[in-house]
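Asks: Each chain, written out:
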Amino acid sequence: MSSQIDRAGIKLGMWLFLYSEIILFGGLFVLYAAYFHRYPEFFAEGGRELNRVMGAVNTIVLLLSSFTVAASITAIQRKAKKQAVGFLIFSIFCGVTFLVIKYFEWGAKIHHDIYPNSETLVSGEPGLNIFFGLYYVITGLHGLHVIIGMILLTISLVYVLNGKVNSSRFSMLDNSGLYWHLVDLIWIFVFPLFYLVL
Amino acid sequence: MTATQSFYHTSAPPGLTGIKSWLLTHDHKRLGIMYLGAVFFWFVLAMFLGLMLRTELMTQGRTIMDAETYNAMFTLHGVIMIFLFVIPAIPAIFGNFFLPIQLGTDDVFFPRLNLFSWYLFMIGGLFAIISLFVGDGFPDTGWTFYVPFSVQDSKNVGLTVTAAFILGMSSMLTGLNFVTTFHRMRDKSMGYMQIPLFTWSLYATAWVQILATPVISITFVLIILERLFSIGLFDPDKGGDPLLYQHLFWMYSHPAVYVMIIPGMGVVSEIIPIFSRKSIFGYKAIVWSSMAIAVAGSLVWAHHMFTSGMSDVSVFVFSLLTYLVAIPTAVKVFSWISTMYKGSIEMTPPLLLALIFIFLFSIGGLTGLVLGAVGPDIHVHDTQFVVAHFHFVMFGGTGFAFFAALHFWWPKMFGIMYRFKPAYIGASLTGIGFMFHYIPMFILGMQGMPRRYYDYLPQYETGNFLAGFGGYLLVVGMVIMFVNLLMSFKQQVLAQADPWGGTTLEWKVPSPPPVHNFIKKPQIDGFPYDFTKVTEPSQKRAK
Amino acid sequence: MDNKEESHVLSYTQLGMVLAVLLLLTIVTVGVSYVDLGFFNVPIALTIATTKVTFVLLFFMHLKYEGPVINISFISTVLVLMMLISFTFWDVAFR
Numbered sequence: 668m669s670s671q672i673d674r675a676g677i678k679l680g681m682w683l684f685l686y687s688e689i690i691l692f693g694g695l696f697v698l699y700a701a702y703f704h705r706y707p708e709f710f711a712e713g714g715r716e717l718n719r720v721m722g723a724v725n726t727i728v729l730l731l732s733s734f735t736v737a738a739s740i741t742a743i744q745r746k747a748k749k750q751a752v753g754f755l756i757f758s759i760f761c762g763v764t765f766l767v768i769k770y771f772e773w774g775a776k777i778h779h780d781i782y783p784n785s786e787t788l789v790s791g792e793p794g795l796n797i798f799f800g801l802y803y804v805i806t807g808l809h810g811l812h813v814i815i816g817m818i819l820l821t822i823s824l825v826y827v828l829n830g831k832v833n834s835s836r837f838s839m840l841d842n843s844g845l846y847w848h849l850v851d852l853i854w855i856f857v858f859p860l861f862y863l864v865l
Numbered sequence: 002m003t004a005t006q007s008f009y010h011t012s013a014p015p016g017l018t019g020i021k022s023w024l025l026t027h028d029h030k031r032l033g034i035m036y037l038g039a040v041f042f043w044f045v046l047a048m049f050l051g052l053m054l055r056t057e058l059m060t061q062g063r064t065i066m067d068a069e070t071y072n073a074m075f076t077l078h079g080v081i082m083i084f085l086f087v088i089p090a091i092p093a094i095f096g097n098f099f100l101p102i103q104l105g106t107d108d109v110f111f112p113r114l115n116l117f118s119w120y121l122f123m124i125g126g127l128f129a130i131i132s133l134f135v136g137d138g139f140p141d142t143g144w145t146f147y148v149p150f151s152v153q154d155s156k157n158v159g160l161t162v163t164a165a166f167i168l169g170m171s172s173m174l175t176g177l178n179f180v181t182t183f184h185r186m187r188d189k190s191m192g193y194m195q196i197p198l199f200t201w202s203l204y205a206t207a208w209v210q211i212l213a214t215p216v217i218s219i220t221f222v223l224i225i226l227e228r229l230f231s232i233g234l235f236d237p238d239k240g241g242d243p244l245l246y247q248h249l250f251w252m253y254s255h256p257a258v259y260v261m262i263i264p265g266m267g268v269v270s271e272i273i274p275i276f277s278r279k280s281i282f283g284y285k286a287i288v289w290s291s292m293a294i295a296v297a298g299s300l301v302w303a304h305h306m307f308t309s310g311m312s313d314v315s316v317f318v319f320s321l322l323t324y325l326v327a328i329p330t331a332v333k334v335f336s337w338i339s340t341m342y343k344g345s346i347e348m349t350p351p352l353l354l355a356l357i358f359i360f361l362f363s364i365g366g367l368t369g370l371v372l373g374a375v376g377p378d379i380h381v382h383d384t385q386f387v388v389a390h391f392h393f394v395m396f397g398g399t400g401f402a403f404f405a406a407l408h409f410w411w412p413k414m415f416g417i418m419y420r421f422k423p424a425y426i427g428a429s430l431t432g433i434g435f436m437f438h439y440i441p442m443f444i445l446g447m448q449g450m451p452r453r454y455y456d457y458l459p460q461y462e463t464g465n466f467l468a469g470f471g472g473y474l475l476v477v478g479m480v481i482m483f484v485n486l487l488m489s490f491k492q493q494v495l496a497q498a499d500p501w502g503g504t505t506l507e508w509k510v511p512s513p514p515p516v517h518n519f520i521k522k523p524q525i526d527g528f529p530y531d532f533t534k535v536t537e538p539s540q541k542r543a544k
Numbered sequence: 003m004d005n006k007e008e009s010h011v012l013s014y015t016q017l018g019m020v021l022a023v024l025l026l027l028t029i030v031t032v033g034v035s036y037v038d039l040g041f042f043n044v045p046i047a048l049t050i051a052t053t054k055v056t057f058v059l060l061f062f063m064h065l066k067y068e069g070p071v072i073n074i075s076f077i078s079t080v081l082v083l084m085m086l087i088s089f090t091f092w093d094v095a096f097r
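Here the protein sequences come in this chain order: A, B and C. Going by the working numbering, the first residue of the first sequence is number 668, and it counts up by one from there. Going by the working numbering, the first residue of the second sequence is number 2, and it counts up by one from there. Going by the working numbering, the first residue of the third sequence is number 3, and it counts up by one from there.
Each hint should be verified, as a subset may be incorrect.
Computed list of lysine to aspartate or glutamate pairs in DMTMM-like fashion (alpha-carbon distance at most 20 angstroms, straight line) [as the list claims (entries may be wrong)]: (1) A:Lys776 to A:Glu716; (2) B:Lys189 to A:Asp673; (3) B:Lys522 to B:Asp499; (4) B:Lys509 to B:Asp313; (5) B:Lys239 to A:Glu712; (6) B:Lys239 to A:Asp673; (7) B:Lys239 to A:Glu786; (8) B:Lys521 to B:Asp107; (9) A:Lys776 to A:Glu792; (10) B:Lys239 to A:Asp780; (11) A:Lys678 to C:Glu68; (12) B:Lys239 to A:Glu792.
Listed below are several chain C residues computed to face chain A (Cβ distance under 7 angstroms; list not exhaustive) [as the list claims (entries may be wrong)]: (13) Val23; (14) Leu24; (15) Leu26; (16) Leu27; (17) Thr28; (18) Val30.
Hint data in this document are derived by calculation from the structure and do not stem from the laboratory. Nothing here was measured: the structure is a model prediction, and the numbers come from that model. In this text, a Cβ means the ideal position worked out from N, Cα and C, and glycines have one as well.
Whenever a hint applies, use it, and build me the whole structure from the sequences.
Replies: Here it is, written out as structure tokens:
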């Protein structure tokens with residue numbers, strides 16, 4: 668049994684897992700593409716009903732958090748433990764912010780009777796029903812991944828604090844970071860597809 | 002002594018005893034055995050269900066069950082066979098056991114993930130069993146779960162689909178493990194073109210497992226969401242398109258059949274050279290064709306949808322691409338035959354089963370061309386012709402490759418040899434029964450008998466009766482094969498490290514292997530199918 | 003396996019520059035969405051999104067510094083996804 672840790676191998680395994688996540692969301696993008704082709708004007712109308720400012724703020728929040736996650740890895744590599752901890756806490760806080768904003772967005776929509784199988788959507792334009800159906804499914808699945816990412820980052824934070832993650836052994840942080848960046852990547856596409864197709 | 006102690010007597014991680022040394026094992030070989038036990042259970046169950054189905058069809062009207070039971074039973078037969086047998090069997094059992102050894106290493110890259118994959122497999126199976134007994138009963142939608150029925154059906158669709166989701170995760174993680182092991186743990190002196198063909202086949206398969214499985218995962222998630230929230234993504238009344246479900250479903254389920262067959266072909270590529278005492282013909286062609294099948298096979302999914310109402314353009318494109326996939330597949334068949342040509346053939350049970358594979362798979366593949374051509378497909382789509390076709394490739398193909406793998410690697414895994422004569426009898430009877438069982442279905446299909454129908458018009462009764470008779474023959478043959486293998490545990494005829502005259506690394510380690518596979522560092526040959534050392538002794542004797 | 007290879011360290015400045023580009027592109031894409039360019043709004047938005055994603059991948063996710071196995075397999079995954087989407091259009095676009 669090899670006693671040396673193969674970091675490159677662990678990273679390869681993580682990337683392979685990310686590929687499966689990309690395809691998982693990819694299936695939903697297949698649906699989006701097909702339905703956007705069918706209902707372009709209703710997708711535009713639906714997009715106008717979403718809050719572009721909130722969407723942009725969420726985009727910026729995730730981009731910032733990606734920066735701080737990447738920075739925390741630089742910090743750990745430079746043995747700057749305090750900085751790494753700081754960056755990670757900020758990243759997790761960004762995740763919380765994202766979810767809070769999402770909560771308010773969904774809440775507002777639900778308050779206006781726009782949610783799966785609601786009276787408004789069922790009796791309204793089919794194209795709008797599909798737009799909001801996809802909106803809830805995609806942002807819902809994405810939100811679930813934000814939560815998972817936050818859990819991974821928290822575990823990494825604990826490991827940084829107790830020294831299990833350090834400058835010579837930080838695959839856990841590295842791979843949690845990769846997962847978090849994937850969450851960011853998906854949102855970078857979700858944002859224009861839902862908020863900017865006007 | 003402890004270094005050569007078999008893996009059955011040494012636990013990995015060390016210090017575990019009894020049942021814990023199995024349930025908490027990191028050892029890829031133990032996991033392979035554990036998968037074998039589970040898969041065997043599922044195969045026997047689904048085989049029994051299949052026999053019940055065909056017994057029901059032997060006479061018109063009700064024979065032994067009512068229509069609703071029949072519908073649930075063919076769904077269950079399909080779900081178990083596909084997700085719990087044909088997809089996992091060869092990779093999870095023989096892939097787990099032999100990929101690390103063939104690569105000259107001591108385990109897969111992520112052993113604990115490997116254990117987790119096994120638990121996912123068991124949990125998925127458990128969910129499937131539970132869905133048999135709770136609520137309104139097992140789904141009757143067919144294993145394809147087409148909308149709208151799967152969304153409206155009152156039966157346990159959600160639970161079954163969740164089971165399949167979990168099984169998909171198990172498959173995906175196994176693929177991930179194999180790719181990582183292939184790239185990072187290969188013996189340093191083994192280049193890409195020295196890797197055995199079985200391992201190459203697992204590598205090609207692993208990519209499909211990683212990249213295609215998530216599509217069915219999201220599709221099943223969407224079924225569950227639709228059942229829970231009635232979003233309407235596939236409901237025409239709410240703006241949805243039911244064909245998009247079919248697209249998403251087949252985007253996985255077609256590549257899945259390549260997950261099923263490519264490892265089986267890998268097994269045959271190992272068996273044919275050994276028992277021809279001759280190097281495999283076209284090693285590189287087989288490597289490239291495995292990768293080509295994986296790629297091309299991912300682009301043909303809509304050939305399951307020719308009559309669904311999709312566009313004519315789509316029908317044309319997917320038919321054309323389907324014909325392209327046939328090419329790399331044929332390359333392999335030609336390579337196997339060329340290997341045997343002017344070889345020194347030694348008949349053994351694995352070879353017999355591999356030859357039956359080639360015969361049955363070729364018939365299955367050729368009938369696939371009938372289905373791939375749009376004109377004939379319109380006539381035979383959703384008939385018994387399709388049922389016969391896919392049983393020829395999945396059962397005559399992967400099923401027989403699985404039997405071949407069992408007979409080939411049995412002495413290595415268990416250190417004992419089975420009796421050949423009952424193996425030959427069982428294999429032959431299975432092959433003959435297979436033909437009697439499925440060939441009538443081709444004819445019935447062309448005559449217009451639909452699939453998944455509980456009852457049929459009077460003119461189909463003779464064919465169905467004949468098929469049923471063949472089915473019993475088939476099962477008797479398989480029982481003989483399995484009993485013979487199991488009897489080897491009682492007979493305890495010990496097997497050597499290399500009972501067949503093999504050249505790949507698993508034949509250089511003891512039968513069964515020690516826990517870390519290699520006692521001393523393995524010597525990698527320049528080419529994995531060099532039989533000169535194997536044939537030397539008999540050539541010297543001939544002089 | 004050679005465990006002594008130092009993994010490439012990106013400085014805070016380098017990371018910060020990438021962040022600046024990403025934020026700038028975000029502002030641009032939001033800004034463009036207020037201008038009616040008809041058909042072109044969507045391709046432009048997607049192109050900007052793809053550019054942003056490329057920056058995140060290359061630098062934050064270190065793809066620029068990874069070996070051929072990861073690079074080739076990543077590109078292949080993206081190609082597979084593009085095939086899945088585009089081949090569906092053989093049907094959807096020609097009904």
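Asks: Under the criterion that the straight-line Cα-Cα distance not exceed 20 angstroms, is the pair lysine 776 of chain A, glutamate 716 of chain A satisfied?
Replies: 9 angstroms, holds
Asks: Any CB of chain A closer than 7 angstroms to the CB of leucine 27 of chain C?
Replies: 9 angstroms, violated
Asks: Going straight from one Cα to the other, do lysine 189 of chain B and aspartate 673 of chain A come out at no more than 20 angstroms?
Replies: 14 angstroms, holds
Asks: For the hint on valine 30 of chain C, does the least C-beta distance to chain A fall short of 7 angstroms?
Replies: Given a least distance of 11 angstroms, the restraint on valine 30 of chain C is violated.
Asks: Just to be careful: measuring from the Cβ of valine 23 of chain C to every Cβ in chain A, is the smallest value less than 7 angstroms?
Replies: Not OK, violated: valine 23 of chain C not within 7 angstroms of chain A, min 10 angstroms.
Asks: For a C-alpha distance cap of 20 angstroms, please report whether lysine 239 of chain B and glutamate 786 of chain A respect it.
Replies: 12 angstroms, holds
Asks: Take the C-alpha atoms of lysine 678 of chain A and glutamate 68 of chain C, compute the straight-line distance between them, and say whether it is at most 20 angstroms.
Replies: 10 angstroms, holds
Asks: Would you check the hint for lysine 509 of chain B and aspartate 313 of chain B, treating anything up to 20 angstroms between C-alpha atoms as holding?
Replies: 56 angstroms, violated
Asks: For a C-alpha distance cap of 20 angstroms, please report whether lysine 239 of chain B and glutamate 792 of chain A respect it.
Replies: 8 angstroms, holds
Asks: Does lysine 522 of chain B pair with aspartate 499 of chain B here, judged by a C-alpha cut-off of 20 angstroms?
Replies: Status holds; Cα separation ~18 angstroms.
Asks: Would you mind confirming whether the straight-line C-alpha gap from lysine 239 of chain B to aspartate 780 of chain A stays at or under 20 angstroms?
Replies: 16 angstroms, holds
Asks: Let me know if the C-beta of leucine 24 of chain C comes in closer than 7 angstroms to any C-beta of chain A, holds or violated.
Replies: 5 angstroms, holds
The structure is inconsistent with the numbered hints 4, 6, 13, 15, 16, 18, although it conforms to all the rest.
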